[in-house]
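S.K.: One letter stands for each residue in the lines below.
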Amino acid sequence: MTNNEFILEMNNISKEFPGVKALDNVTLKVRAGTVHAIMGENGAGKSTLMKCLFGIYEPDSGEIILNGKKISIKNSKEALDYGISMIHQELHPVRYRNVMENIWLGRFPMKKYSLFKLVDEKKMYQDTEELLAGLKIDIKPTELVKNLSASKIQYIEIAKAISYNAKIIIMDEPTSSLTENEVTHLFDLIRTLKKEGVSIIYISHKIDEIFEIADEVTIMRDGKVVGTWDTKELTEDKIISKMVGREMTNRFPIRNSKPGEVILKVENLTSPLPKSFKNVSFELRKGEILGIGGLVGSQRTELVEALFGLRSIASGRIFIKGKEVIIRSPIDAKKHGMALLTEERRSTGIFPDLNILENTTIANIKKYVNHFLLLNDRERKDDTKQMVNALKVKTPSLKTLIKDLSGGNQQKVLLARWLLTSPEILILDEPTRGIDVGAKYEIYTIMNELTMQGKSIIMISSEMPELLGMADRIMVMCEGYLSGILDKEEATEEKIMRLASKYTN
Amino acid sequence: MNNRIKNYLTQYAIYVVLILLIIGIAIKDPTFISLRVFRDILVQSSTRIIIALGAALVILIGGADLSAGRLVGLAAVVSASLLQMPDYPRRFFPDLPQLPLWIPILITILIGFGFGLLNGFVVSRFSVPPFIATLGTMVIVYGANSIYFNLPPNNSQPIAGLRKDFSELGTGGIFGIPYVIIIAVIITIIMWIVLNKTSFGKNLYAIGGNREAAVVSGVDVKRHILWLFALAGTLYTIAGILEAARTGGATNNYGNMYELDAIAACVVGGWSVSGGVGTVPGVVVGVLIFSVINYGLTFIGIDPYWQLIIKGIIIVSAVAVDIRKYLAKK
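From first to last, the protein sequence lines are chains G and P.
Here the working numbering is used: the first residue of the first sequence is 818, the next is one more, and so on.
Here the working numbering is used: the first residue of the second sequence is 81, the next is one more, and so on.
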């Protein structure tokens, strides 16, 4: 760190939303040419703070000083003009437009000599080619974005952020859809940018990434800053305890389950799509947690969605309790005692504008229809209450809209929804994604209890510790193939990683 | 191979439908394939294409513009009322002097532009969904048009006796090509350039495809929506003026339900009602399909009520096939 000047100071920023103090007197100081990580549980205020910096929110109080000058940022355009750009966590691109239009959106190069103001497509193409080549990204500028994989789309977002020639780049969970190699590539890019004097504000939940790339770390909790440290002063445990606000001794409950007979058997399941899962065979036992590991694009989600009847199958057989079953739709799957908690909680899980009661009972609604074809509300309320208590959902009432709950509590409600259908096989796709450490532990405990009751769980997870901590067996997928199954005792992070990249060149 | 043909057919479903329709009608009555018939169909389509191009702009951002038809009606009445022959006995403004042709046309276009701006203002400033905002405008425009139409001495009589130079615009031509076709072609080309070659058009596709992405990329979304509606309003008005010129008159019921035809043509032409997807040639083909149905089925003597049923089936099935392009394969 040659330059000790702060390029950016956000002093005493506060921001209140109806009922929530999202940011409480937050101060953040970023040095030029450094990577400054911001960590904290969900709801700690990291994204809100960044949205204030990028002009999406306007802070209620506080000041932003850029290069020693006080500025106010009213919208994203102004932020970009000040040399601040952002890679958004949950922003999808314009899918039916091509790569170059996505990158130069809002500032298309214009032809100089023409009657009308026309976009200079040639220049746009050349600029894009140059930009992508400089970043060693191999994507055609005229490719439609909808044809790109999630990680390539992420690259486009990164390229776009860099193309603003920004002095400060905010990266909100930039590695969420990148593979190991791509993360390495991204980190190389970040180091190059640092050398050019660019500051990176880096938000991530992944602690190992922070140690690898960040110079300084600011930890937030409940809308306040806990403190800022040099990364060298921190350890993983220190970060976690500062984020959670208490010592975390155990991240996982103790599992002493004894899996029983085979309840689900899958033979040579193959997708009709060429790049999807092929010849996957495995067994699931009663009371077992079977973890599924693998990189993004390993077709894990596609596999379980096919099991649940959401995708079609070209060949292969499924047996439940020894009997062959045909599952063409989620309705069939439910009949056979299966339940699926999807990966994307917000888009395919919750009904945001419905309350807890409706969200909990929706998958099991037929049970409550009485003789007059009306719903028996008392029974619904009783069942929901029982679930809310059993799963320790923190909510003011059953009438609370689910969108007003935290991520962890939303996930519990979704679990409750499926538990009411009395499933025997629960498929949980990334059950703790985007959930803070405390709530994670509670979800793990619930999973533990369910297997004690004899229910079986298939858990897809991208977090190694979670797989190693919770699963009885871990099956690893790679490029649609099942690359290996590891027993709890023999599994290590290295073995999982090796299997996960078995078929990638 | 089989799959390739299937893919090809889905990709170009609407063109296939158009060609099949023409072939089917021609088998029934071969005289359908003639220059005169094609010219008639194109003339009928011209104003519809102009209206549909306006409607497409609103569909592009995931909305629907219900005010299109009534703005066509308003433009027809206003332009006709200002462009009657001096010796016609029942003039709308008995003492109106002979204005140069472009003045009444400009006045009419400005009125449409103004109502378009109003739509855009309500949508962008108050975040009223386009469907509702334009529903309001539709009713208001019809009301205003009817009041105007009922002014003494006209008292809701159909306006007729249009000036020669004006009706020439709708019925005349150059080298045998009607002016209306030429105007429609020019507007189509301009709209193609606007949507594909200007930042305004590209930004509209982005706004329709992912509004948030456009906002954080620094696109002034509200301003774009404002001008989009103004442009749409202008297009409807131009179509209305041409309708009056072509038919030699106007009443306050001109253009009734045209907005639904325009929206149908767009969706049949491959425009996604959720926004962000669609092409100018798609609009043209969409309109042509309906014109061929209207004209062709009458040509071979099919009952107009049956035509409605066929039209309805085509709208739904064309979209059902076309939407397969966008469905995620699972």
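Please keep in mind that the hints were generated in silico from the structure rather than gathered at the bench.
Incorrect hints may appear among the rest.
Said to hold, decoys possible - Only pairs whose alpha carbons sit at most 25 Å apart, straight line, appear in this in silico DSS-like list of lysine-lysine:
1. P/Lys86 to G/Lys929
2. G/Lys940 to P/Lys277
3. G/Lys963 to P/Lys86
4. P/Lys277 to G/Lys934
5. P/Lys86 to G/Lys1092
6. P/Lys277 to G/Lys894
7. G/Lys1103 to G/Lys1092
As the list claims (entries may be wrong) - Residues from chain P that face chain G, not an exhaustive set, calculated with beta carbons under 7 Å:
8. Leu162
9. Pro238
10. Gly241
11. Lys277
12. Lys282
13. Asn290
14. Ala293
15. Val296
16. Ser297
17. Val357
18. Pro361
Where a beta carbon is used, it is the ideal one built from N, C-alpha and C, also for glycine.
S.K.: Now look at each hint and say whether the structure bears it out.
M.R.: Results of checking the hints against the structure:
{"no.": "1", "hint": "P/Lys86 to G/Lys929", "in the structure": "violated (44 Å)"}
{"no.": "2", "hint": "G/Lys940 to P/Lys277", "in the structure": "holds (13 Å)"}
{"no.": "3", "hint": "G/Lys963 to P/Lys86", "in the structure": "holds (21 Å)"}
{"no.": "4", "hint": "P/Lys277 to G/Lys934", "in the structure": "holds (9 Å)"}
{"no.": "5", "hint": "P/Lys86 to G/Lys1092", "in the structure": "holds (20 Å)"}
{"no.": "6", "hint": "P/Lys277 to G/Lys894", "in the structure": "holds (22 Å)"}
{"no.": "7", "hint": "G/Lys1103 to G/Lys1092", "in the structure": "violated (31 Å)"}
{"no.": "8", "hint": "Leu162", "in the structure": "violated (31 Å)"}
{"no.": "9", "hint": "Pro238", "in the structure": "violated (40 Å)"}
{"no.": "10", "hint": "Gly241", "in the structure": "violated (39 Å)"}
{"no.": "11", "hint": "Lys277", "in the structure": "holds (5 Å)"}
{"no.": "12", "hint": "Lys282", "in the structure": "holds (6 Å)"}
{"no.": "13", "hint": "Asn290", "in the structure": "holds (5 Å)"}
{"no.": "14", "hint": "Ala293", "in the structure": "holds (6 Å)"}
{"no.": "15", "hint": "Val296", "in the structure": "holds (5 Å)"}
{"no.": "16", "hint": "Ser297", "in the structure": "holds (4 Å)"}
{"no.": "17", "hint": "Val357", "in the structure": "holds (5 Å)"}
{"no.": "18", "hint": "Pro361", "in the structure": "violated (16 Å)"}
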